[in-house]
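> One letter stands for each residue in the lines below.
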Amino acid sequence: MIAIEHWASAADRPVLRNARTAHRSKVVQLKPMAQTRSDDLSGEQAALLRAVAAGDREAYAELFAYFAPRIKAMMMRGGLAPTPAEDVAQDAMLLVWRKAHLFDAEMGSPAAWIFTIARNRQIDLSRRARRAPTESQDADFEQVDDEPLPDAKVAAAQVDGKVRAAVLRLSAEQQQVLQLSFFEGQSQSEIAESLGIPLGTVKSRTRLAFQRLRALLGEFK
Amino acid sequence: MSISHHPSEEMLLLLANGRLDLGRCVVVAAHVESCAECARRFRVMEAVGGVMLRDAAPVAMADDALALAMSRLDGVERFEPAVQDLAVSSQAHGEMPYLPEALGGYRMGAWEWIGPGIHRRMVEVPDETGARVFLLKAAPGTRMPDHTHTGTELTLVLSGAFSHAGGHYGPGDLDEADDTVDHQPIVDAGEVCVCLVAMQGSLRLKGMAGRLLQPFVRI
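Protein chains in written order, with my numbering: chain S, 1 to 221; chain H, 1 to 219.
To be clear, the hints were calculated from the coordinates, so they are not data collected in a lab. Please read these numbers as outputs of a predicted model, since none were measured by experiment. One or more of the hints may lead you astray.
Label-pair ranges, simulated between beta-carbon atoms [claimed, not checked]:
1. Glu106/S x Ala60/H: 28 to 36 angstroms
2. Glu124/H x Arg207/S: 33 to 41 angstroms
3. Ile186/H x Glu106/S: 39 to 47 angstroms
4. Leu102/S x Pro116/H: 34 to 42 angstroms
5. Thr83/S x Arg78/H: 22 to 30 angstroms
Part of the chain H face toward chain S, derived, beta carbon under 8 angstroms [claimed, not checked]:
6. Ile3
7. Leu14
8. Asn17
9. Val48
10. Gly49
11. Val51
12. Met52
13. Leu53
14. Arg54
15. Pro58
16. Val59
17. Arg72
18. Gly75
19. Phe79
20. Met108
For every residue, glycine included, the Cβ atom is placed at its ideal position computed from N, Cα and C.
From just these sequences and the hints, can you work out the full model?
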């Protein structure tokens, strides 16, 4: 059962907001990291995914050790309690095992691919929790892949290093908006509220941030 | 196809980080499918999401998490994406220029008459906010009732075109309207217009004729 859902009804909103604002002081900036290490890590993870596709359990354990605690972290920052966050991490990683052969390095980095899997799994679990709270989780899991994922067709991304370097060239304010959007899963009005700035400012910061990113990633597919 | 009306940065971002309700998710994803520019905007957002995930400070999993994960691999099958039989589905849907892949897998009702020159076909999307998703088909030159909304409405043009105070909308264009928008769309002459709509709340007709029609128009 998901404790906090992002499309919570009006009555649920205060819970959601409290959970979010409670840690708003902990917004962190990305720290510069050597580009080479960044690219190496993506390459290594892509190789691990290929091994997983071939059924290599050790490679899977290695990917699990890296990504499961980070998926859990992301889900918790987004407002989930530790137990459901851990469940999302477990389920998303099982899907990584089941879908590894579909990963296409040409289309994006392993991290971006795993990000989309974790996001879709979380959406799916929340939806189920709302629709049929009494169904057992195992029974639910069997149905997961029968549901269409509206964005499956366009789920792709490029090499992390390049993207990361581009993000680091944004202003601190722009980075902060991205951080709150992705990491805390806040909507624009929630960001305005937690930063105490006008909604219009949040909207223009977001728009400028992505305009700049697209310009910096010009050759991006 | 030349697309001039796109989802806002906010809408696309909500889709990228999984915060969009399913009804709007389906409509925005259908737009992204057919719009190269938004597909690229969307990929940039997902790439940023990937970097955020990769750089996240980890939170320790339970002690037995890895053992549990490994035990779950036993007997689990590899995922094979369903291959849609496009020939069959386009026939089955009849009169449709094309159906976005984002709609694949959702059951649809029959076309129903809802007003002069206007038909609707419900798409069974289990939206958690109660938003309704449907296809709307309007005859050439149809003047839709002057209306406003109690919630947000997303309209994606699949074929044909319409105009209202906000501009001209052709195939691939996405119209975002909310309760601050008050408009009367008019379908272009010469071609039937088919749209995919996600509607939260309900539609309020205006004027005397609208008030008379309201009980009959079940949008």
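> Take the hints in turn and mark each one as holding or not.
Verification of the supplied hints:
1. Checked against the hint of 28 to 36 angstroms, the pair Glu106/S and Ala60/H passes, with Cβ atoms roughly 34 angstroms apart.
2. The hinted window of 33 to 41 angstroms between Glu124/H and Arg207/S holds, with their beta carbons roughly 35 angstroms apart.
3. Our hint of 39 to 47 angstroms for Ile186/H and Glu106/S holds, since their Cβ atoms are close to 45 angstroms apart.
4. Separated by about 48 angstroms at the C-beta atoms, Leu102/S and Pro116/H break the suggested range of 34 to 42 angstroms.
5. The given range of 22 to 30 angstroms is respected by Thr83/S and Arg78/H, whose C-beta atoms sit roughly 28 angstroms from each other.
6. Given hint, Ile3/H at the interface with chain S, is violated; its Cβ is 15 angstroms from that chain's nearest Cβ, farther than 8 angstroms.
7. Interface restraint check: Leu14/H against chain S, minimum CB-CB distance 7 angstroms, threshold 8 angstroms, status holds.
8. Because the smallest distance between the Cβ of Asn17/H and any Cβ of chain S comes to about 5 angstroms, under 8 angstroms, the interface hint for this residue holds.
9. Below 8 angstroms, beta-carbon pairs count as interface contacts, and Val48/H has one with chain S at about 6 angstroms; its hint therefore holds.
10. Against a cut-off of 8 angstroms between C-beta atoms, the interface hint on Gly49/H holds, since the closest Cβ of chain S lies about 4 angstroms away.
11. Against a cut-off of 8 angstroms between C-beta atoms, the interface hint on Val51/H holds, since the closest Cβ of chain S lies about 5 angstroms away.
12. The closest approach between the C-beta of Met52/H and any C-beta of chain S is roughly 4 angstroms, which is under the 8 angstroms cut-off, so the hint is satisfied.
13. With a least beta-carbon distance of about 5 angstroms to chain S, the hint placing Leu53/H at the interface is held under the 8 angstroms criterion.
14. Taken as an interface hint, Arg54/H checks out: its beta carbon lies about 4 angstroms from the nearest beta carbon of chain S, inside 8 angstroms.
15. At a threshold of 8 angstroms, the smallest CB-CB gap from Pro58/H to chain S is about 3 angstroms, leaving the interface hint in force.
16. Taken as an interface hint, Val59/H checks out: its beta carbon lies about 4 angstroms from the nearest beta carbon of chain S, inside 8 angstroms.
17. For Arg72/H, the suggested interface contact is upheld, since its CB lies about 5 angstroms from the closest CB of chain S, less than 8 angstroms.
18. At a threshold of 8 angstroms, the smallest CB-CB gap from Gly75/H to chain S is about 12 angstroms, leaving the interface hint violated.
19. This hint holds: Phe79/H has a C-beta 4 angstroms from the nearest C-beta of chain S, less than the 8 angstroms allowed.
20. Among the interface hints, the one on Met108/H is violated; its C-beta lies about 13 angstroms from the nearest C-beta in chain S, farther than the 8 angstroms criterion.
The structure fails hints 4, 6, 18, 20 (numbered hints given earlier, in ascending order).
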